[in-house]
Amino acid sequence: MNERMIYLFLAFLLVWAGAALYLWRLSSLRADLERRVRRLEGLGRPDAETDHRG
Amino acid sequence: MEKGAALAAVALVLLALGVVLLLAPAERTMGEVQKIFYFHVGTAAAAFLAFTLVAAFSLAYLVRREGAHDAAAIACAEIGVLFCTLVLLTGPLWARPIWGRWWIWEPKLTTTLILWFLYIGYLLLRRAVQGHRGTVAAAVYGIVAFADVPVVYFANRWWRGEHPVVFAGGAESGIAPRMLFPLVLSIIALLALAGVLFAERFRTAILAQRIERLEHEMGDNEP
Numbered sequence: 180m181n182e183r184m185i186y187l188f189l190a191f192l193l194v195w196a197g198a199a200l201y202l203w204r205l206s207s208l209r210a211d212l213e214r215r216v217r218r219l220e221g222l223g224r225p226d227a228e229t230d231h232r233g
Numbered sequence: 005m006e007k008g009a010a011l012a013a014v015a016l017v018l019l020a021l022g023v024v025l026l027l028a029p030a031e032r033t034m035g036e037v038q039k040i041f042y043f044h045v046g047t048a049a050a051a052f053l054a055f056t057l058v059a060a061f062s063l064a065y066l067v068r069r070e071g072a073h074d075a076a077a078i079a080c081a082e083i084g085v086l087f088c089t090l091v092l093l094t095g096p097l098w099a100r101p102i103w104g105r106w107w108i109w110e111p112k113l114t115t116t117l118i119l120w121f122l123y124i125g126y127l128l129l130r131r132a133v134q135g136h137r138g139t140v141a142a143a144v145y146g147i148v149a150f151a152d153v154p155v156v157y158f159a160n161r162w163w164r165g166e167h168p169v170v171f172a173g174g175a176e177s178g179i180a181p182r183m184l185f186p187l188v189l190s191i192i193a194l195l196a197l198a199g200v201l202f203a204e205r206f207r208t209a210i211l212a213q214r215i216e217r218l219e220h221e222m223g224d225n226e227p
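The listed protein sequences derive, respectively, from chains A and B. Under this note's numbering, think of the first position of the first sequence as 180, with each following residue one higher. Under this note's numbering, think of the first position of the second sequence as 5, with each following residue one higher.
Worth flagging that the hints you see were computed from the coordinates, not collected in a lab. Bear in mind that the values here come from a model prediction, so they are computed numbers and not experimental data. Any given hint could be a false lead.
What the hints assert, rightly or not - Straight-line distance between alpha carbons at most 25 Å, and here's what the computed SDA-like set of lysine to any residue pairs gives:
1) B:K7 with A:M184
2) B:K7 with B:A141
3) B:K7 with A:R183
4) B:K7 with A:L192
5) B:K7 with A:I185
6) B:K7 with A:W203
7) B:K7 with A:L205
8) B:K7 with A:W195
9) B:K7 with A:L208
10) B:K7 with A:G221
11) B:K7 with A:R214
12) B:K7 with B:A72
13) B:K7 with A:L222
14) B:K7 with A:Y201
15) B:K7 with A:L193
16) B:K7 with A:R209
17) B:K7 with B:L26
18) B:K7 with A:E182
19) B:K7 with A:A199
20) B:K7 with A:G197
21) B:K7 with B:G22
22) B:K7 with A:F191
23) B:K7 with A:A210
24) B:K7 with B:A203
25) B:K7 with A:N181
26) B:K7 with A:V216
27) B:K7 with B:I210
28) B:K7 with A:D211
29) B:K7 with A:R217
30) B:K7 with A:E213
31) B:K7 with A:A196
When you get a sec, could you build the whole thing from the sequences and use the hints?
Rendered as structure tokens:
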């Protein structure tokens, strides 16, 4: 492979890697936040005590 | 819908790659490595747009105090930093084989690095100062930091520099007609990718606001 093509390949790889890593981080952050929302909404319900025991 | 948009953006980026590799002509003196330009300009366009939107949403937040505007501002700031990082990484990959150096302290590169630091500062400010005070401070900062965006764009028109000027730079600037379509397609593809990332980040910011509200309400209800 032409040495200069390596730079082109690296540039494209960086764009993909950057976007993919960010998306992966966002999806794990979102899953964590959704869990917290469910927990907080569960605690806020009037029958939350029963739910926890049952 | 979310998955469909993400897949469409990925398909568009792959299509742009195919067009760049197979249809775009190799530049006469630089050869194939010049094709980094298509991703470099596309990521720069996405970063510039994201930072412009940070200022717009920050201003909207200061006027209307709606949480959605704040969520959009933080989402745009993160996307902007991501794409500005890619600009700062793809640039040296072009510079090394062409200039023989990874980096030179010339106006465009230096002001872009300053831009990156400014928005890293924005993200750090958001982490450091929580609550309403932090949101207002970040909104003001987001508007002030935007001042560097036109400076980066015009840097090599205002001051002599090594960075090539492609658009509206006088007789020595311009782009070959056969390079225009791959460039426009690459810009559209990378903007679409940025849009998908923005939508995902915006949703997480809205969720974080909801958690803050729920925790606040629970704190108020405690005896």
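To see whether the hints hold, each was checked on the structure:
1. B:K7 with A:M184: Given that 25 Å is the threshold and the Cα spacing comes to 32 Å, the pair is violated.
2. B:K7 with B:A141: violated (35 Å)
3. B:K7 with A:R183: Violated. K7 of chain B to R183 of chain A sits at ~35 Å, over the 25 Å cutoff.
4. B:K7 with A:L192: Holds: K7 of chain B and L192 of chain A sit about 22 Å apart, inside 25 Å.
5. B:K7 with A:I185: violated (32 Å)
6. B:K7 with A:W203: holds (14 Å)
7. B:K7 with A:L205: holds (14 Å)
8. B:K7 with A:W195: Holds - the C-alpha atoms of W195 of chain A and K7 of chain B are around 17 Å apart, at most 25 Å.
9. B:K7 with A:L208: Answer holds: K7 of chain B to L208 of chain A is near 17 Å, not above 25 Å.
10. B:K7 with A:G221: violated (29 Å)
11. B:K7 with A:R214: holds (21 Å)
12. B:K7 with B:A72: holds (22 Å)
13. B:K7 with A:L222: violated (32 Å)
14. B:K7 with A:Y201: This hinted pair holds, its Cα atoms lying about 16 Å apart.
15. B:K7 with A:L193: Within the cut-off at roughly 22 Å; holds.
16. B:K7 with A:R209: holds (15 Å)
17. B:K7 with B:L26: Since the Cα atoms of K7 of chain B and L26 of chain B sit roughly 28 Å apart, the hinted pair is violated (cutoff 25 Å).
18. B:K7 with A:E182: violated (37 Å)
19. B:K7 with A:A199: holds (14 Å)
20. B:K7 with A:G197: Measuring from Cα to Cα gives roughly 19 Å; hence the hint holds.
21. B:K7 with B:G22: Holds - the C-alpha atoms of G22 of chain B and K7 of chain B are around 22 Å apart, at most 25 Å.
22. B:K7 with A:F191: The given pair, whose Cα atoms are some 23 Å apart, holds under the 25 Å limit.
23. B:K7 with A:A210: holds (16 Å)
24. B:K7 with B:A203: holds (11 Å)
25. B:K7 with A:N181: Outside the cut-off at roughly 37 Å; violated.
26. B:K7 with A:V216: holds (23 Å)
27. B:K7 with B:I210: Status holds; Cα separation ~19 Å.
28. B:K7 with A:D211: Measuring from Cα to Cα gives roughly 19 Å; hence the hint holds.
29. B:K7 with A:R217: holds (23 Å)
30. B:K7 with A:E213: holds (18 Å)
31. B:K7 with A:A196: holds (19 Å)
Going through the hint list in order, the structure does not satisfy hints 1, 2, 3, 5, 10, 13, 17, 18 and 25.
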